Structures are given as structure tokens and as C-alpha cells.
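Asks: Here the protein sequences line up with chains X and B, keeping their order. Going by our numbering, the first sequence opens with residue 60, and the numbers climb by one from there. Going by our numbering, the second sequence opens with residue 148, and the numbers climb by one from there.
Calculated directly from the structure, the hints in this document are not laboratory data. Be careful, since some hints might not be right.
[Claimed, not checked] In silico DSSO-like cross-links for lysine-lysine, where the CA-CA straight-line distance does not exceed 30 Å:
(1) B:Lys318 - X:Lys153
(2) B:Lys163 - X:Lys142
(3) B:Lys318 - B:Lys153
(4) B:Lys394 - X:Lys140
(5) B:Lys163 - B:Lys318
(6) X:Lys253 - B:Lys318
(7) B:Lys153 - B:Lys194
(8) B:Lys165 - X:Lys153
(9) X:Lys140 - B:Lys252
(10) B:Lys163 - B:Lys295
(11) B:Lys252 - X:Lys153
(12) B:Lys153 - B:Lys163
(13) X:Lys140 - B:Lys258
(14) X:Lys253 - X:Lys140
(15) B:Lys163 - X:Lys153
(16) B:Lys153 - B:Lys258
(17) B:Lys165 - X:Lys140
Just so you know, these numbers come straight off a predicted model, no measurement behind them.
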Amino acid sequence: MSGMLNSTIARKVAMSLSALFLLIFLLQHFIINFTSVISENTFNELSHFMGTNVLVQFLMQPILIFAVVFHFVMGFILEIKNKQARDISYASYKGSANSSWVSRNMIYSGLVILAFLVLHFIDFWFPEINHKYIEFAPEDPTRYYHELVEKFHNPIRVGAYVIAFVLLALHLLHGFQSAFQSIGVSNKFNATLKSIGKFYAIFIPLGFIFIALFHFFNH
Amino acid sequence: MNLTLKIWRQQDANTKGKMVDYPISGVDEDMSFLEMLDVLNEDLISKGEEPVEFDHDCREGICGACSLQINGEPHGPDRGVTTCQLHMRMFNDGDTITIEPFRAKAFPVIKDLIVDRSSFDRIQQAGGFISVNTSGNTIDANAIPVNKHDADDSFAAATCIGCGACVAACKNASAMLFTSAKVSQFALLPQGRVEATDRVLNMVRQMDEEGFGNCSNTGACEIECPKGISLENIARMNREYIAASVKK
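Go ahead and model the full structure; you've got the sequences and the hints to work with.
Replies: Have a look at this one:
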């Protein structure tokens, strides 16, 4: 296994594995959030389960936080190493002639997503941790829906939400299939993966934007 | 055609270079890009100036010697061609053409537009071969049946001429397309499977030691490759590398 620990391919494989985990997480996050549009009770029940289940709280949540931090840190490391690989820049470099904007600017879309995550943590995660593990406040299984709706009253926050998810869509448009290419899954499934990737990259972020706008305009 | 050439001039590896403008006139659209540079050099020599140094050899697109980043793209704006196959009809009268050396830390400039691509040789030497007994009882390669699909893919990978356009095009100066083509051409054949584990580990290790960047899967290398080497080779090398690392 020694070869896996420190090489360009190992770093990319690790990057893609954390990305694939985050893709699965994002899907389940979307499904739960979307229930808030359909049924207040269902959203509360699912949120209560996720917020109190021991496995989710003490196994999946730490793995998720590790994956998020790892993905960002490794993204920065890769960016620095890539810059070092071309110590003198071209006077003329026509990247648009051979590659998509999204594929060349993953670091920038990633930075916007990171900024959004900071806002997201301040909005939801820190109050949640404070509520449950610092204040040990009495649990109210019906509080989740109201907390969600309240956050989407502010048009600036909703605007930030929309911008962040547009950037997430751009990030995923390249990131989804890139994650599979990095772990070598490509030959037989390339066309199918591209289609699934495009669908996921557009549908999931659009869905999150829809949820934010739905609550903004309906409450 | 009358053109303005903006060319990178650099005395040697240790001297700082700069872009220098050269007006050139009477360029025929049927000239190859290198012939156009020959005309420029003839003119410079006749004026007692030092000619522009650039790599070239076969001038028929198979040796991989010619390079050049032309208007921001390796081998210029045409597709599936090397610089020697690029024709001036791709440009218009009055154009300004920027000509630079391939840029990568692992491709240091030797002089003007010539870069040292021996890092590719060292990657090849690290495992881009099969060990065959050549003492007189060598088995004919055709004696071993090979699946036609694999043979075709192997041949396609083997058409890589090692010009370095993939590195030059990549925003990260990654050599994954080159290395993966060399890994794939052997990995797909039964003769190559024997040393496949060591091959991929050693070639990737050498690629990393040379200072090439990581692959971001932008696909720029595949588009700019004069031989159309496929990104599938990179996926294959990643699979080979993961399997080899687990095995080791």
C-alpha cells in the first residue's frame, strides 16, 4: 500500500472518494429538505431522527465533517502543487479552446461553496450543536420546520443560497464524472456516467434553490 | 501574408527570457509553420542576428520533436496535427502570432523555444518496456493470441509520440496522458501483464519525481494531442495504479 500514500494518483483517488461520499450525503440532504415542501410533519420526523439517532450523530456526522474538511484541504493542496508544476506562466494560454470553464475553475467554485458552508454552519450546525450538546435544551421534535422556514425569511440569505447552489451546480458539472474518472471507472460507463452526472449536477442544486424560494415566497 | 510574430527569446537555461516582436512578410498560406520560421531565421541570419532556436526533426508528424505553444495552444489552433503539420492557412493576413516554448517545471527551457523533455525519457525508462529474452530463442509476439479490441486499444495508445503537448495544454502541467498511454500500450497485451504491477508504480513514481502536476480531468490534453490519445488511458492507468498499490 506504500505507493498509495504519496502520489499524484493517490491524492486524486482520495479526493474523488471524499467527493463521492459528499455526493451521496448531498442527495440524502436534498431528499430530507424537499419533504419540507410537501409535509411539515414528515420533515420534522426525518430531521428529528437525523438529529437524535446515535449512529447518525456520532458516526456519520464525524465522517461527514472529516470528508468536507479533507475535500477542501486536499483541494487547496492540489491547487498549490499544480501551480508549482508550471513555474513560468504562458504569455498566451487559450484554455477555452480545449476545456470547459467549470473544469478549469473548480477551485473558485469550491471557494464559493466553502463560503456558503461557513454561512450554513453558522445558520444551522452551530445552533444545533449548541442546542443539543452544550445547552442540553429539552428536545422539541416539531422545532425543525420552523427553524428552517425562519431562515428563509431573509432575502439576502436566500440570494446567497441561490448563488452558492448555482456555483455548486457548476462544480458538480465537472466534479461528478471527474470523481469517477479518477478512480478509473470510465471505459464502459462513460456516456451513462456523463448523463447521470449532468442530471445530478443540475437537478440537485436546482432542487435546493426551489426549496429556498418556496419557503421565501410562501411564508 | 504579413504577420507579426511574438517569440520567446531566451539565451540559455540560466538567463531570463522575454517576448520579442518580429514582423514577417511574404508568408505563403501553403507553408508549414516550421517553414515560416525557417524563412524568419533566414532573414535573421542575413541581417547578422541570431536565429530563433526551435526543435524539429521528421517534419511529417511522427517523431514528436517539434513543439511550440502557438497562440496559447500546443501545436497551434489546428486539431490532430503537430507543429510541422500546421499550415499557415490557419492564420490570416495581419495576424499577431504568439510563439512560446512548452511551459512546465519538468520541461526547462534550454534555449528560445527548445525545452528539455528528457523527463519523458526517464518516465519511459522507469517501466515503459517489457523484458524479453533476446538470446536467440525469442518467442514471436504473434504466437500469443491477442483480443482484437485490446490490440487496437494498445496500438492506439502506442501512437503517442511523446511530444509533450498534453503537458503543455494542461493547466496543471500534468503528464498523465503521456504516462497513461505508455502504461496502457503494455497493460492491454499479455506480454505486458507480467510486469504490469511494477510498471505502473514505477512510471507514476518517476512522473511525480519529475514535478508534473495532478490531473484535473479537464480533457485539454486529449483535445490538443496530435495523435488523439484518449482520456480512457488515464482511467485505465488509475485502475492499474490502484490495483498495483493494493497488491504491493
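Asks: Against this structure, judge whether each hint is valid.
Replies: Hints, verified against the model:
no., hint, result
1, B:Lys318 - X:Lys153, "holds (10 Å)"
2, B:Lys163 - X:Lys142, "holds (20 Å)"
3, B:Lys318 - B:Lys153, "holds (22 Å)"
4, B:Lys394 - X:Lys140, "holds (28 Å)"
5, B:Lys163 - B:Lys318, "holds (22 Å)"
6, X:Lys253 - B:Lys318, "holds (22 Å)"
7, B:Lys153 - B:Lys194, "holds (18 Å)"
8, B:Lys165 - X:Lys153, "holds (19 Å)"
9, X:Lys140 - B:Lys252, "holds (11 Å)"
10, B:Lys163 - B:Lys295, "violated (51 Å)"
11, B:Lys252 - X:Lys153, "holds (19 Å)"
12, B:Lys153 - B:Lys163, "holds (16 Å)"
13, X:Lys140 - B:Lys258, "holds (26 Å)"
14, X:Lys253 - X:Lys140, "holds (28 Å)"
15, B:Lys163 - X:Lys153, "holds (24 Å)"
16, B:Lys153 - B:Lys258, "holds (16 Å)"
17, B:Lys165 - X:Lys140, "holds (25 Å)"
When the structure is compared with the earlier hints, a violation turns up for hint 10 alone.
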